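Visitor: Residues per chain, in single letters:
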Amino acid sequence: MDILITGILLGGTYALIAMGLNLQYGVARIMNLANGEILVAGGYFAFIAYTATQLSPILTIFLVAPLAFALNWLIYRLMLQPLVNRAKNRGQLETDSILATFGLSFIGLGLMLSFFGGDYFSYSFMAVPVELLGNTYGANRVLSFVMAVLICGALYLWLNRSRAGLSIRAIATAPASARLVGIDVKHLSALAFALGGAVTAVGGALISTYLTLDASTGVVFTLKALIIVIMGGVGDVRGTIVAALLLGILETLVASLLDPGLTLAAAYVMFLGILLFRPQGLFGKKPT
Amino acid sequence: MSLTATDIRNLCLATLVFAVCALLPLGDQGYWLGLGVTIAMFTALATSWALFSGPTHYISLATAAFFGVGTYVTGLGIDTLPFWSLVGLAGVIGAVLAALVGLATLRLSGVYFVIFTLGLAELVRQVITWVQNNSGQKGLYVLTDLDEAGIYWWLLGLSAAVFLAGWLIGRSRLGFALRIIGDDETVAAHSGINTARAKVLLFMVPGAVAAMTGAILAPRYVYIEPSLAFAPILSFQVVIMALLGGASRLWGPVLGVIPFTFLLEAVSSNFPNQTTLVIGVAFLVIVYLLPGGFVGLMGRINRHLNTREGT
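Note that the protein sequences, when read in sequence, are chains B and P.
FYI, the working numbering numbers position 54 of the first sequence as 54, with every residue one higher than the one before it.
Whatever position you read off the second sequence (first residue = 1), add 288 for the working numbering.
I should point out that these hints are in silico values taken from the structure, not numbers from a laboratory.
Predicted model, so just to flag it, every value in this text is computed and none were measured.
Even for Gly, the Cβ is constructed at its ideal location relative to N, Cα and C.
Just to be clear, a hint being listed does not mean it is correct.
Residues on chain P that point at chain B, a partial pick, calculated with CB under 8 angstroms [stated by the list, open to error]:
no., residue
1, H345
2, L396
3, G398
4, V399
5, Y400
6, V402
7, I403
8, E410
9, V415
10, W418
11, V569
12, L572
13, I574
Calculated from the model, a selection of chain B residues having no Cβ within reach of chain P, i.e. all distances over 12 angstroms [what the hints assert, rightly or not]:
no., residue
14, L4
15, T173
16, F283
Pulled out of the complex, with its shape left as it was, chain P reads as follows:
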C-alpha cells in the first residue's frame, strides 16, 4: 500500500470536492438542497452499483429491493434504537441478503442473475404486503428530528465511503481478480481465481450501500408502505445513470447521475406522465449511441485528438 504522488493528489482533490459539497445546506434550504439529496443518493447507489457491474458486466436490478429493506429497518426500529445504529444494521442486512442472492445466482450465467434481480423487489414487496395484511398493520410512521440537511450530510458521507471503498478495492487483490474476470472469466478460473466467491463478495457492496441509503432516506418519507419503499423504477434509474456516465471508472457514474437527475426533474415537472418513455429512450441511447457512457466518449475523443497530433 504505497501511495504515489498522483494518489495523494487525487485523495486531496476528492476530499476538497466533498468538503465543498458539504457546504450546500448553508447556502440553500429549499429546492437546491432537495436536488442535492437526490444527487447524493443516486451517487451512492450508482457508484456502488458500478463497483460490481463495471468489472463483471452483470446487470443488477436488485437496488430497489435492498433499498426497500433498508427503509423498513429504519421504520421498524426507529422507536427502540438510535438512528446511526439502524443505518449500520441496514448495511449488514443488505450485505447478507446480497450474499444469499449472489450464492443462488452468481455461480451461473449472467442471464439468471438479471432475471432473478428483476423480480426481487416485487417479490419482497408481495411478501411484506402479505405479512402486513395478516397482522392488520398497513404502514409505518418514521418520526425523527432529522431534517433535510441532516439527511444530505448522511448521504454525502455514505457516498464518500463508497468512493473510498471503491478505491481500496481497486488496489486490492480482489479488485485485480475482478478485472481479470471481466476480461475473460475462463482465464481467471484457470489462473486459480475462485470466480464465484469474488463476485459474491463484491455484490455485497451495492447490497449494503443500497440498504443503508434506504435506511437514511426513510425519515424523509415519514410514512412507509410497501409500494413506496419497493418502487422498481429505482433499480432502472440507477442502471441508466451508472451506464450513462460509464461503469468502467470509479468517478464515471457521477457524470451520469448529475445530468440525468436534472433531466428527470425537468421532465417530471413538465410532462409528469412521460417519465417511463424517457427511461426507455435513455436505455436505447446508452446501447446505440453511448456504449461505455461519457467515460467511453471521452476516451474516443482523446484517442482521436492523439492520432491527429501524431500525423
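Bound conformation, chain B alone:
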C-alpha cells in the first residue's frame, strides 16, 4: 500500500513531464531529446529562487512557465522550423530533429555544468510528514502531485473543450489534412512545442522539491518521458497518464524491494514489453 501510494505520487509528476514531451512529439512532430535539460533547468530555477529569496516553488512555477514557453518558442522558430521546411519526408525530419535536439541537449548540459558545476543540488521545502491512509509521506511529494494533477487536468480540458485544443488534436491526427480545413499548422505547432516545454519545466520545478537533481540527470528523465509517451501512445493524453502512473509504481516497487540503482532497468523491461506486444501504445488501435 505504501509502495502503491509513493508510486502514484511519483507517477503524477512523470505524467506532467511526459505530457510536455507528448505535445512536442505528437503535434510539432519533433522528438525533443533536449526535454530532460529543460526539466533540469526548471529545477535549477526553483532551487535558486528558493535559496536566494525564499520564494516558494509553487509560486516559482508561474515564473518558470512563461520563461520556458518563450525559450522553447524561440528554439522552435529559429532552429526546428527550418528543418521542418527542408525535410522531404517524415523520416528525414525525424533524423534531423533527433540530431539537432541532441546538439541542444549537450549545449544545455554544457552550459549548466559551467554555470553550476556538476554537483547534486537539493533544498528542503515543506519536508514535513503528512498522513495518508495510515502511512506518512512528505508534504512536498503530495503537493507536487496535486499540482501535477491540476495542470494535467487543465491541459486535458483545454485540449478537449477549446477550439485551439481541437485544432491541435487535428494536427496530431492528420497534419496534411489540418491545413486543408484552414488550421494554421505552423503557428500552432510552434505553440504546442512551446507549451510542451513550459509544462516540462514546471514538472522540473515541482520534482526538484523532493528529488535530488544534478545537471546530467536530464537524459534519464528524457528517456523515462519517451518510454511513457510510447507506452501511452503518441498524442493520447489518457494513455500517457496511465503509463506514467504504471511507471511510477513499478519504479517504486523495484527501488524498495530490489535496489534503487535498478529503476532504469525496470523502465526498460516495461519498454521492451510494449515494443514486443503493443507497439501502438496501451490504448492504440492496430494500424491497418
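Guided by the hints, dock chain P onto chain B, whose structure is given.
Guide: Below, chain P alone, put in the same frame as chain B:
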C-alpha cells in the same frame, strides 16, 4: 565476384595506406602513438557504425553498450583464456546482443530504435553495478604484457577488417538490398526483400566491432569499472565522427574521425570542462551546415565545378 581494374587499384592503395599506418609505433612511442590508438579505435567504431546507419538512416547509440560488454569479456576472461580468443569471443557476444536488440526494435520505426539504444549503455551499467554490489566485487584488474604498440596494431587490424567487410557487403546481395531499403523501404518490401532481416543482419556488424574494440582496449585501462567501461559519451562521439565525415561512403567516416580527434584533444587539454559544449555544437554543425558530412560537401563542390565548366 569479378574484380575490375579500379577495384584492384583501390585494394592495393588501401593495403599500402594500412602498411604505412602500421609503421607508426616505430617512429614514436609516446604522444603520437597514443593519438594513433584513439584514431584507430574511432576508425573501427565509426566505419562500422556507418555501415549500418549510412544506408538505413537509423541512428544507433548502442556503441558504448557493446564496447563496455567487450571490455568486461576481457576483464573476466584474461586469467583463463588467451587474449586473441577473448577478442573473438567479444565479437560473437556483441553480434548476438546486437541481433537481440535488433529483433526487438528494428521491425518498428526508427524512433523506437534510437530511444532503445540511447539508454542501453546505462541499462547494462546499472545491471552490472547491481551484480557487483551483490557479489561484493568492485572492479576488475586487467594485467597483460600487451603494450601500447600491440594495442595499436590490433586496432589497425580490426579497422582493416571493417573496411574489407564493408567493401564485401557493398558488393553482395545484402548490400544491394540495403541500398534499396535506404532509398525507399516500401519499394524494398514490395520487391520481396525481407527488410527486418537485412537490417538485423547488418546491425550485428557494428555490435561485433564495438565489442571487439572494447576487448582490445581493456588492457589499456588496467582497472575496469562500470562507469568507465560504459561511458555513454562514446556513442555520441562515434555518431558525430561518422556523420561529420559522411556516412554514405565507406571511407567517409575516417574524414571525420581524424579532425574531430584532434579537436577534442585540443579542447580537453585546454578547456577540460567544455567537451560537452563542443559535442553539442558539433551536432548542430552537422545538421545545419554539413548535411552529408565532408563527403556531401565534396560532392557539392564537384558538381559546382562541373556546371561551371559546362557553361
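Visitor: Next, verify each hint and record whether it holds.
Guide: Okay, the hints, checked on the actual structure:
1. H345: 6 angstroms, holds
2. L396: Holds: closest Cβ of chain B sits about 5 angstroms from L396/P, inside 8 angstroms.
3. G398: 6 angstroms, holds
4. V399: With Cβ-Cβ at 6 angstroms, under 8 angstroms, it holds.
5. Y400: 6 angstroms, holds
6. V402: Interface hint status for V402/P: holds (6 angstroms vs cutoff 8 angstroms).
7. I403: Result: holds, 5 angstroms to nearest chain B Cβ.
8. E410: Interface hint status for E410/P: holds (6 angstroms vs cutoff 8 angstroms).
9. V415: Given a least distance of 6 angstroms, the restraint on V415/P holds.
10. W418: Holds, about 5 angstroms.
11. V569: 7 angstroms, holds
12. L572: L572/P check passes; min Cβ-Cβ to chain B is 4 angstroms, inside 8 angstroms.
13. I574: Interface hint status for I574/P: holds (6 angstroms vs cutoff 8 angstroms).
14. L4: 24 angstroms, holds
15. T173: T173/B is indeed farther than 12 angstroms from all Cβ atoms of chain P, at 17 angstroms.
16. F283: 18 angstroms, holds
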